[in-house]
Amino acid sequence: MKNIPVSALIGLFFTGLYFLAAVFAPLLAPYGMAEIVGDVWEPASDQFLLGTDNIGRDLLSRMIYGGRTTIFIATAATIISFVTGSVLGLLAAVSGGWVDQVLSRFVDLIMSIPTLIFALVVLSVMPVTVPVLILVMGLLDSTRVYRLARAVAVDIEVMDYVEAARLRGEKMGWIIFREILPNALSPLVAELGLRFIFAVLFVSTLSFLGLGVQPPEADWGGIVKENKEGIVYGIPAALIPAVAIATLAISVNLVADWVLNRTTSLKGGRG
Amino acid sequence: MSDPFVRVRGLKIGATVYPPGEKPHDIEIVHGVDFDLQKGQVLGLIGESGAGKSTIGLATMAYGRGGVEITGGEVWVNGRDILQSGLRDVRQLRGAEVTYVSQSAAASFNPAKKIMEQVTEAAIRHNKFSRREAEERAVALFTKLGLPDPENIGNRYPHQVSGGQLQRCMTALALCPEPDLVVFDEPTTALDVTTQIDVLAAIKEAIRDTGVAALYITHDLAVVAQVSDRIMVLRMGDMVECGPTDQIINAPQQEYTQALVSVRSIKHAEQEPTTEPVLTVRDITARYPGTRYDVLRDVNVDLHPGQTLAVVGESGSGKSTLARVITGLLPPSGGSIDFAGRRLSPTLAGRSLEDLRELQMIYQMADTAMNPRQTVGTIIGRPLEFYFGLKGREKQKRIQELLDEIELGDGFQDRYPAELSGGQKQRVCIARALAAKPKIIICDEVTSALDPLVADGILKLLLELQKIEGVAYLFITHDLATVRAIADSIAVMYQGKVQRYGGKTEVLSPPFDDYTDLLLSSVPEMKLGWLEDVIAHRKMESAGN
Numbered sequence: 200m201k202n203i204p205v206s207a208l209i210g211l212f213f214t215g216l217y218f219l220a221a222v223f224a225p226l227l228a229p230y231g232m233a234e235i236v237g238d239v240w241e242p243a244s245d246q247f248l249l250g251t252d253n254i255g256r257d258l259l260s261r262m263i264y265g266g267r268t269t270i271f272i273a274t275a276a277t278i279i280s281f282v283t284g285s286v287l288g289l290l291a292a293v294s295g296g297w298v299d300q301v302l303s304r305f306v307d308l309i310m311s312i313p314t315l316i317f318a319l320v321v322l323s324v325m326p327v328t329v330p331v332l333i334l335v336m337g338l339l340d341s342t343r344v345y346r347l348a349r350a351v352a353v354d355i356e357v358m359d360y361v362e363a364a365r366l367r368g369e370k371m372g373w374i375i376f377r378e379i380l381p382n383a384l385s386p387l388v389a390e391l392g393l394r395f396i397f398a399v400l401f402v403s404t405l406s407f408l409g410l411g412v413q414p415p416e417a418d419w420g421g422i423v424k425e426n427k428e429g430i431v432y433g434i435p436a437a438l439i440p441a442v443a444i445a446t447l448a449i450s451v452n453l454v455a456d457w458v459l460n461r462t463t464s465l466k467g468g469r470g
Numbered sequence: 087m088s089d090p091f092v093r094v095r096g097l098k099i100g101a102t103v104y105p106p107g108e109k110p111h112d113i114e115i116v117h118g119v120d121f122d123l124q125k126g127q128v129l130g131l132i133g134e135s136g137a138g139k140s141t142i143g144l145a146t147m148a149y150g151r152g153g154v155e156i157t158g159g160e161v162w163v164n165g166r167d168i169l170q171s172g173l174r175d176v177r178q179l180r181g182a183e184v185t186y187v188s189q190s191a192a193a194s195f196n197p198a199k200k201i202m203e204q205v206t207e208a209a210i211r212h213n214k215f216s217r218r219e220a221e222e223r224a225v226a227l228f229t230k231l232g233l234p235d236p237e238n239i240g241n242r243y244p245h246q247v248s249g250g251q252l253q254r255c256m257t258a259l260a261l262c263p264e265p266d267l268v269v270f271d272e273p274t275t276a277l278d279v280t281t282q283i284d285v286l287a288a289i290k291e292a293i294r295d296t297g298v299a300a301l302y303i304t305h306d307l308a309v310v311a312q313v314s315d316r317i318m319v320l321r322m323g324d325m326v327e328c329g330p331t332d333q334i335i336n337a338p339q340q341e342y343t344q345a346l347v348s349v350r351s352i353k354h355a356e357q358e359p360t361t362e363p364v365l366t367v368r369d370i371t372a373r374y375p376g377t378r379y380d381v382l383r384d385v386n387v388d389l390h391p392g393q394t395l396a397v398v399g400e401s402g403s404g405k406s407t408l409a410r411v412i413t414g415l416l417p418p419s420g421g422s423i424d425f426a427g428r429r430l431s432p433t434l435a436g437r438s439l440e441d442l443r444e445l446q447m448i449y450q451m452a453d454t455a456m457n458p459r460q461t462v463g464t465i466i467g468r469p470l471e472f473y474f475g476l477k478g479r480e481k482q483k484r485i486q487e488l489l490d491e492i493e494l495g496d497g498f499q500d501r502y503p504a505e506l507s508g509g510q511k512q513r514v515c516i517a518r519a520l521a522a523k524p525k526i527i528i529c530d531e532v533t534s535a536l537d538p539l540v541a542d543g544i545l546k547l548l549l550e551l552q553k554i555e556g557v558a559y560l561f562i563t564h565d566l567a568t569v570r571a572i573a574d575s576i577a578v579m580y581q582g583k584v585q586r587y588g589g590k591t592e593v594l595s596p597p598f599d600d601y602t603d604l605l606l607s608s609v610p611e612m613k614l615g616w617l618e619d620v621i622a623h624r625k626m627e628s629a630g631n
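Protein chains in written order, with my numbering: chain A, 200 to 470; chain B, 87 to 631.
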């Protein structure tokens with residue numbers, strides 16, 4: 200773990216900070232998440248480090264709990280999208296023929312509908328619970344991962360070492376997970392960081408529109424929604440979750456870049 | 087004698103390397119090279135890959151490719167040191183006074199522009215000629231270089247002419263602005279032997295007629311002997327020897343040059359087939375899915391246990407397709423293959439594990455034949471584990487045995503392919519094939535990507551292993567010298583058909599059919615005046631007909 204560039208250190212630091220805050224939210228938050236402890240939109244003070252929100256709840260506590268929800272949903276959705284997207288993408292590339300055609304055309308079909316509108320339609324029909332939210336986000340996002348995984352794998356699939364594995368009589372599983380996946384990992388890892396950010400933005404957007412995390416549960420998009428009227432009166436409460444989203448996005452990207460650099464090394468990325 | 091037109095003194099070239107896990111550092115790749123070049127003279131630069139020959143060639147245009155930087159010395163062209171000149175001056179020089187012919191014309195031409203536009207571009211840009219003059223000159227050059235329909239060929243796009251023709255167009259491109267020096271960087275390496283000879287003759291004539299100076303870079307000593315007046319032998323950025331072509335070829339002073347000249351000294355006496363063939367290919371016809379053209383037509387060959395069958399031909403003759411049919415990657419549309427007394431299924435899916443194990447393959451590019459993210463131990467160990475169920479200590483022991491057999495020894499198990507040299511990579515691929523204890527190994531151009539001395543080592547190793555393991559080789563190659571070195575029987579392929587087939591001595595002795603004659607006579611020989619002899623001989627023949 201030597202020679203970590205400064206940018207990656209910064210990224211690691213902030214990413215770690217957010218994730219730790221998410222994990223230990225109940226210990227860190229000075230007040231309860233839905234507890235009304237002060238006046239409406241009180242400015243920052245010793246008592247309320249970030250002030251209070253539109254109905255007098257402590258903003259810092261809500262930010263910490265909201266971060267927990269946002270990061271949890273985004274992480275879960277990213278994992279789902281990655282597992283489905285990359286497995287199906289690699290499968291399509293290795294199988295070729297009609298398997299590839301059916302999967303690819305289906306993905307094209309899904310992608311031709313704007314993701315946000317599709318999600319809004321599905322979520323207005325389904326009960327909006329966290330598992331449903333995660334599943335919808337994860338599956339919609341997996342189309343992007345599928346396309347990338349397939350595109351990368353198609354190039355690797357024609358390499359002689361894959362042909363050699365086929366001639367050896369290897370099963371599909373070995374070819375996908377031992378021959379192709381390790382070589383497709385760098386672009387996929389870079390995409391992982393990016394997709395996580397998109398998931399954060401997506402869940403925030405949905406919550407802002409009222410179809411994501413339901414009150415009184417908090418998430419960063421929901422906090423922006425609750426406090427957006429304050430902006431007119433010069434109250435910065437809505438900007439704080441926005442800053443949190445931006446810093447998380449940048450720091451995760453810095454980490455992803457560094458991982459990408461490490462894994463592109465042909466020594467196997469473990470050196 | 088007047089001052090030499092090109093004078094290089096103490097040329098040093100460096101580059102920054104980025105080894106994984108270490109800090110980037112600078113290394114020197116050319117350590118002080120001197121040479122002179124007069125107008126009308128051709129200097130051949132020869133050496134293995136990594137010897138610095140292309141880098142030196144580009145340095146005469148004050149150019150460093152990639153992260154390469156000229157760190158010291160002088161390069162005088164036309165009476166000025168171009169390394170001290172500003173960028174504006176250098177721009178005047180490139181493409182006007184010094185031009186460059188690259189190895190792959192196909193990759194160097196812009197596919198979206200017509201040939202004429204690209205050939206005349208430099209001359210017009212540098213205001214040497216008006217567009218009309220430049221085009222006239224280009225047509226004259228096309229004629230001189232023996233291109234068909236010289237008046238109109240410029241109106242074609244690069245993909246509309248053949249590889250050999252495009253390489254000649256590139257030579258026309260380089261000669262069009264009336265340069266004083268042309269750098270030829272492996273201009274015939276990517277071509278078939280039968281095409282190479284025409285391009286070589288055209289280049290030689292063009293150099294003589296225009297009186298330019300030329301640097302001719304190649305790894306093939308026999309080729310450079312045909313075109314250059316003097317030869318400089320390079321090795322790892324140092325000059326080994328420099329002298330007149332005659333002396334380098336016939337009386338090399340240095341040990342390394344002697345090794346280069348005497349390469350391909352392997353002698354392998356033909357063996358008579360003794361037992362039943364292990365592989366019998368009968369009436370194989372094949373085409374690629376979605377095409378209407380048979381790539382293979384009625385191919386019949388036999389391979390006997392412990393022997394080598396060489397399949398020779400130009401690119402496009404169907405020799406690699408034959409390998410794909412035998413391995414089951416391309417099911418044939420007709421014919422049958424018998425292997426070790428049993429009928430082979432035409433498709434890969436229909437073959438038993440035993441069939442797959444006993445039929446192994448080694449590829450041309452060892453780079454892409456090994457997974458870059460697996461260690462040598464994993465690569466060689468996988469067939470052991472997969473076919474024989476070897477595990478743990480036993481597997482380790484067998485891997486080490488195989489590594490010893492391919493003369494690599496200790497400490498290679500944990501290395502990644504990127505940490506091996508070209509020859510070592512090919513050895514690991516051989517070990518992987520051997521690990522399966524096969525009856526046949528198909529070798530698809532296994533030495534053509536390697537330097538001559540390294541290729542020699544690989545061939546020796548293959549012959550050695552054949553003696554020990556009794557494995558038969560189906561050896562696909564375009565290189566007749568390789569065939570002479572290792573084959574027991576030969577199949578000459580042309581346009582998907584076996585043109586000539588039989589024992590080595592029989593195939594390589596007259597009377598020849600037309601194609602085999604052309605192929606055999608096109609292989610460059612390491613003697614002065616060979617090119618002229620062949621061309622004169624062919625002219626006489628065609629006049630006689």
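Worth double-checking, as some hints may not be accurate.
Dumping the calculated EDC-like pairs for lysine to aspartate or glutamate here, alpha-carbon to alpha-carbon at most 20 Å [to be verified]: (1) B:Lys523 with B:Asp380; (2) B:Lys230 with B:Asp175; (3) B:Lys483 with B:Asp388; (4) B:Lys553 with B:Glu362; (5) B:Lys199 with B:Glu221; (6) B:Lys525 with B:Glu592; (7) B:Lys523 with B:Asp603; (8) B:Lys523 with B:Asp565; (9) B:Lys125 with B:Asp266; (10) A:Lys370 with B:Asp175; (11) B:Lys477 with A:Asp456; (12) B:Lys523 with B:Glu592; (13) A:Lys370 with B:Glu221; (14) B:Lys523 with A:Glu369; (15) B:Lys625 with B:Asp384; (16) B:Lys523 with A:Glu362; (17) B:Lys523 with B:Glu444; (18) B:Lys553 with B:Glu444; (19) B:Lys109 with A:Asp456; (20) B:Lys200 with B:Asp175; (21) B:Lys525 with B:Glu358; (22) B:Lys525 with B:Glu341; (23) B:Lys214 with B:Asp278; (24) A:Lys370 with B:Asp266; (25) A:Lys370 with B:Asp441; (26) B:Lys481 with A:Glu369; (27) B:Lys546 with B:Glu471.
In short, the hints are calculated from the structure, not lab data.
For each hint, the structure was consulted:
1. B:Lys523 with B:Asp380: violated (34 Å)
2. B:Lys230 with B:Asp175: Roughly 31 Å separates the two Cα atoms, so the pair is violated.
3. B:Lys483 with B:Asp388: With a Cα-Cα distance of about 36 Å, the restraint between B:Lys483 and B:Asp388 is violated, given a limit of 20 Å.
4. B:Lys553 with B:Glu362: Holds, at about 18 Å.
5. B:Lys199 with B:Glu221: holds (15 Å)
6. B:Lys525 with B:Glu592: violated (26 Å)
7. B:Lys523 with B:Asp603: Given that 20 Å is the threshold and the Cα spacing comes to 38 Å, the pair is violated.
8. B:Lys523 with B:Asp565: Outside the cut-off at roughly 27 Å; violated.
9. B:Lys125 with B:Asp266: Within the cut-off at roughly 7 Å; holds.
10. A:Lys370 with B:Asp175: Not OK: A:Lys370 and B:Asp175 at ~61 Å, beyond 20 Å, violated.
11. B:Lys477 with A:Asp456: Not OK: B:Lys477 and A:Asp456 at ~38 Å, beyond 20 Å, violated.
12. B:Lys523 with B:Glu592: violated (31 Å)
13. A:Lys370 with B:Glu221: Violated, at roughly 59 Å.
14. B:Lys523 with A:Glu369: holds (17 Å)
15. B:Lys625 with B:Asp384: Violated, at roughly 34 Å.
16. B:Lys523 with A:Glu362: Holds: B:Lys523 and A:Glu362 sit about 19 Å apart, inside 20 Å.
17. B:Lys523 with B:Glu444: With Cα atoms ~7 Å apart, B:Lys523 and B:Glu444 stay inside 20 Å; holds.
18. B:Lys553 with B:Glu444: holds (17 Å)
19. B:Lys109 with A:Asp456: Roughly 19 Å separates the two Cα atoms, so the pair holds.
20. B:Lys200 with B:Asp175: violated (29 Å)
21. B:Lys525 with B:Glu358: Between B:Lys525 and B:Glu358 the Cα gap is close to 18 Å, so the pair holds against 20 Å.
22. B:Lys525 with B:Glu341: violated (39 Å)
23. B:Lys214 with B:Asp278: violated (35 Å)
24. A:Lys370 with B:Asp266: Between A:Lys370 and B:Asp266 the Cα gap is close to 60 Å, so the pair fails against 20 Å, i.e. violated.
25. A:Lys370 with B:Asp441: holds (16 Å)
26. B:Lys481 with A:Glu369: holds (19 Å)
27. B:Lys546 with B:Glu471: Status violated; Cα separation ~28 Å.
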